[in-house]
Amino acid sequence: GQSLEQPSEVTAVEGAIVQINCTYQTSGFYGLSWYQQHDGGAPTFLSYNALDGLEETGRFSSFLSRSDSYGYLLLQELQMKDSASYFCAVIGSYNTDKLIFGTGTRLQVFP
Amino acid sequence: NAGVTQTPKFRILKIGQSMTLQCTQDMNHNYMYWYRQDPGMGLKLIYYSVGAGITDKGEVPNGYNVSRSTTEDFPLRLELAAPSQTSVYFCASSYSIGGTDTGELFFGEGSRLTVL
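Residue numbers (our numbering), protein chains in the order written: chain G, 1 to 111; chain Z, 1 to 116.
Calculated directly from the structure, the hints in this document are not laboratory data.
Any given hint could turn out to be false.
Label pairs and their in silico Cβ distance ranges [unchecked claim]:
(1) G/E9 to Z/K44: 37 to 43 Å
(2) Z/K44 to G/G40: 16 to 22 Å
(3) Z/K44 to G/H38: 16 to 22 Å
(4) Z/S18 to G/G41: 24 to 30 Å
(5) Z/T5 to G/I17: 35 to 41 Å
(6) G/E56 to Z/K14: 48 to 54 Å
(7) Z/N62 to G/N21: 28 to 34 Å
(8) Z/K57 to G/P111: 44 to 50 Å
(9) Z/I15 to G/P111: 42 to 48 Å
(10) Z/D73 to G/I17: 42 to 48 Å
(11) G/G40 to Z/A82: 20 to 26 Å
(12) Z/R77 to G/P111: 42 to 48 Å
(13) Z/P8 to G/Q19: 37 to 43 Å
A virtual CB, placed ideally from N, CA and C, is assigned to each residue, including glycine.
Please model the entire structure based on the sequences and the hints provided.
Here it is, written out as structure tokens:
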């Protein structure tokens, strides 16, 4: 089976940097994605790592290490609007076609 | 483009009633999914489809049924509603999965279902 674990909550102040970790147990997968969800809203795609290493998209970066079964989302120059829940997700395994989500991390940004 | 459209947005059901949540997408995506999200929790996959005529179970399929007669539509049927099915339901679609594609899922706005 597949399971992805994340810290339940992270707090930080505006302008800071925060890292949200995702550890997983899965037999094999195409890549690791990250989604953002504001309260009452739908998840929206942030980033995707098909290969090990760092992917940067503006203030957000995502990292994957398959050998360590570990990934993280790095948010820089935090803004109040970044307060949301963040989910990592594994894109299937090599013989299935489904996206499984992690437990989610609620980020609260304070002034 | 409308993207992924779900109806209804809100619904209250009595125990034992049945209903269908509608989902349609206009992006010509092959892959479609139904997730449920309980308050403060993550998303659990109910059913998914890799193309018209093909569906498969996800993590929590009990109490639900789906069909995929066209590329655009992927309705979710709840039979004999139970309080445990009170949740927010999200439909999503993607062009492909895995490989070099990001596999980005496009979500509908959600359907909030309460079973009393």
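Structure-based check of each hint:
1. At roughly 20 Å, the beta carbons of G/E9 and Z/K44 sit outside the given window of 37 to 43 Å.
2. Look at Z/K44 against G/G40: about 19 Å separates their beta carbons, and that is inside 16 to 22 Å.
3. At roughly 20 Å, the beta carbons of Z/K44 and G/H38 sit within the given window of 16 to 22 Å.
4. Hint check: Z/S18 to G/G41, Cβ distance near 28 Å, so the stated range 24 to 30 Å holds.
5. Z/T5 and G/I17 have their C-beta atoms about 37 Å apart, which keeps the hinted 35 to 41 Å range intact.
6. The hint said 48 to 54 Å for the Cβ distance between G/E56 and Z/K14, and at roughly 51 Å that hint holds.
7. A beta carbon spacing of about 32 Å between Z/N62 and G/N21 agrees with the range 28 to 34 Å that was offered as a hint.
8. Between Z/K57 and G/P111, the C-beta spacing of about 46 Å keeps the proposed range 44 to 50 Å intact.
9. The supplied range of 42 to 48 Å is met by Z/I15 and G/P111, whose beta-carbon atoms lie about 45 Å from each other.
10. Between Z/D73 and G/I17, the C-beta spacing of about 44 Å keeps the proposed range 42 to 48 Å intact.
11. About 24 Å separates the C-beta atoms of G/G40 and Z/A82, a value consistent with the hinted range of 20 to 26 Å.
12. Checked against the hint of 42 to 48 Å, the C-beta distance between Z/R77 and G/P111 comes to roughly 46 Å, which is consistent with it.
13. Against the hinted window of 37 to 43 Å, the Cβ-Cβ separation of Z/P8 and G/Q19 comes to about 39 Å, which satisfies the hint.
Hint check: a violation occurs at hint 1 only; the rest are consistent with the structure.
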